[in-house]
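Asks: Heads up: the sequence lines are chains C and B, in that order. Each step along the first sequence adds one to the number in the working numbering, with nothing skipped, and position 96 is 96. Each step along the second sequence adds one to the number in the working numbering, with nothing skipped, and position 85 is 85.
No lab work stands behind these hints, which were simulated from the structure alone. Only a predicted model underlies this, so the values are computations on that prediction, with no experimental measurement involved. Using N, Cα and C, we set each Cβ at its ideal position, and we do this for glycine too. Take these hints with a grain of salt, some might be off.
Claimed, not checked - Taking CB as the label site, the calculated pair distances span:
#	chain 1	residue 1	chain 2	residue 2	range
1	C	R213	B	G123	23 to 29 Å
2	C	W207	B	G138	26 to 32 Å
3	B	G138	C	A143	24 to 30 Å
Said to hold, decoys possible - Covered by chain C, according to a simulated footprint, are these stretches of chain B (three or more residues, beta-carbon under 8 Å):
#	region
4	81 to 88
5	98 to 111
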Amino acid sequence: MSEYFTWLLDNAGQVTALFWAHTKLAVIPLLIGLVLALPLGWASRRIPRLYTPMVGLTGLLYTIPSLALFVALPGIIGTKILDPVNVVVALTLYTVALLVRTVADGLAAVPEDVQAAATAMGYRRFRRLVAVELPIAVPVIAAGLRVAAVSNVSLVSVAALIGVPQLGQLFTSGFQLFYFVPIVWGVVLCLLLAFLLDAVILLVARWLTPWTRAAQA
Amino acid sequence: MIEFKSVTKRYPDGTVAVDALSLTAPTGQITVLVGPSGCGKTTSLRMINRMIELSSGQILIDGTDTAGQDAATLRRGIGYVIQHAGLFPHRTIVDNIATVPMLVGWGRTRARERAYELLERVGLDRRLARRYPAQLSGGQQQRVGVARALAVDPPILLMDEPFSAVDPIVREELQTELMRLQAELDKTIVFVTHDIDEAIRIGDQVAVMRQGGLLAQLAPPAELLAHPHDDFVADFVGRDRGYRALAFSNAQLPALREERTVRLGAALDGDRSGAGDDWLLVVDDAQRPQGWLDLRAGHRDAAADHLELGGTTACRDGSLRSLLDAALSSPAGRGVVIDDTGRLLGTVTAREVLALIEAERERPTSSAGSTEPLEKSTPG
Ligand SMILES: Nc1ncnc2c1ncn2[C@@H]1O[C@H](COP(=O)(O)OP(=O)(O)O)[C@@H](O)[C@H]1O
Ligand SMILES: [Mg+2]
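Looking at chain C on its own, in the form it has when it is part of the complex (with noise of 0.2 Å):
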């Protein structure tokens, strides 16, 4: 047991290193990712020809390997290969890909008749969308961010394999080396980071809605 702790110190500072840059791996495409999926995932439900159109692209996105992502990305965008950037934008289309869909489908569990107040009170469209819609929304947003955040944090780990520096590579020196403590150590941190992720987005989730806690009270 010792053995684990004692690498541990004696790796901190890269360890720290790798911990961070995994945390801005995976938090960055999902800010990015949940901007761009507001607006589409909006779109998509305004436009109910958009929709299925729209659910059916990024979901099939979704079915792209990560690593066959990451090695293509070079050729389409024009990046070095082991540029973190090709990591940032491959997340970032894998969390549209799958909060679109959890936008467009949170709207629209917006009740009618709370939709039809908002318009009834003289709400203009954009408002209505970020004083009512949304609000309403955060309970179905926040579990999809949820499921982007733990995906994303595994999908970077993937990304040990072109080279770019994140916990990821603790997996791979500890193969190389035959040595079994880095890639425990990996996979705690990983553990660890999804936790984090997690509970970060739980918590302010329940503190944009106490009024769904109130409906129990």
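Given chain C's structure and the hints, the job is docking chain B with the ligands onto it.
Replies: Chain B with the ligands only, in chain C's frame:
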């Protein structure tokens, strides 16, 4: 005043929801749109604040065509109470009520102040202010819906089946409350319902609509009950409309019989009991009826605790229905009629009231020279 001028709504799928509707909702009055489900009531209502655009025709508010105005601005000046309240679940009660004031830029403090004021106005406790809609009963939510619609004191109020989702007792409370509010506020109200009783109860005028968005009849409630324009309206207002109509018909009072009375608390001197008349009416010093005394019980005096208190009284200028109710509910079989100050005028028997009702039925009707009787058997 809201004027529909030959308004038609055809939905993209070809459904004609409203067909060449022309009617006027006068300022300061409650106009009720009533009719079976799907007859175009909601569509008509929503065309007023342009939540639904008309296919043809015009809607004028105080003479101005609504078509030329900015829809959102127009809506902020028209209160709307939606079916099932449609409160914003993510906002507290006070913030729900403050919605329109915030939209028109009152600022939070003033908007909330106004919201608290309205909360009381619609009969809700201030302590509910910080709750969320899901924590309120259906009836309370509906009141909040009304408060929200009244927030910037709009001259017009549109109400779409506002009370249909609550139980009958609460519904009646809410109706009474609305009429009380209306007496204070004098809004121009267009009220949609499928419930003819509700329409008759609260409407100053009632527009009966039929499938296809056609106006079957527009009339004050009494007129509608007394002279339905056709079989559809007659059917819709129902079999018991004869009894309902009595609530509106103030016939000539029958000759009242003079009633023997005794002062409250006075001693009885034994010889008052006459053949076939065992009841004596007790009045106070101002000749106001207090109750009936049963002479067979052998009381020595007309003390208050000997009185039979059951029975309603009818006012001289009341309706035939209140006369009939008074006669039927009296232990003596004679309905007590009083004047505006509550003083005894005399009594009537149910038989006399019924004779009056018969006479009323046979009287030629005023509208379009029709001689349709009040009670008409429904076909089938
Ligand atoms: N958006 C719509 N598209 C097509 N038909 C509609 C639409 N909304 C309502 N209708 C139809 O128009 C008619 C009138 O509807 P509505 O005004 O809601 O009636 P009511 O409120 O009297 O029940 C109904 O036949 C209904 O099916
Ligand atoms: Mg309706």
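Asks: Can you tell me whether the CB distance of C:R213 to B:G123 sits inside 23 to 29 Å?
Replies: Holds: the Cβ-Cβ distance is about 28 Å, inside 23 to 29 Å.
Asks: With a C-beta cutoff of 8 Å, work out whether three or more residues of the region 81 to 88 of chain B approach chain C closely enough for the coverage to hold.
Replies: holds (count 7)
Asks: Closer than 8 Å, Cβ to Cβ, for at least three residues: run that test on the region 98 to 111 of chain B against chain C and report holds or violated.
Replies: holds (count 4)
Asks: Take the C-beta atom of C:W207 and the C-beta atom of B:G138, compute their distance, and say whether it sits inside 26 to 32 Å.
Replies: Once the Cβ atoms are compared, 29 Å apart, the range 26 to 32 Å for B:G138 and C:W207 holds.
Asks: For the range 24 to 30 Å, tell me whether the beta carbons of B:G138 and C:A143 fit it or not.
Replies: holds, 29 Å
In summary, this structure violates none of the numbered hints.
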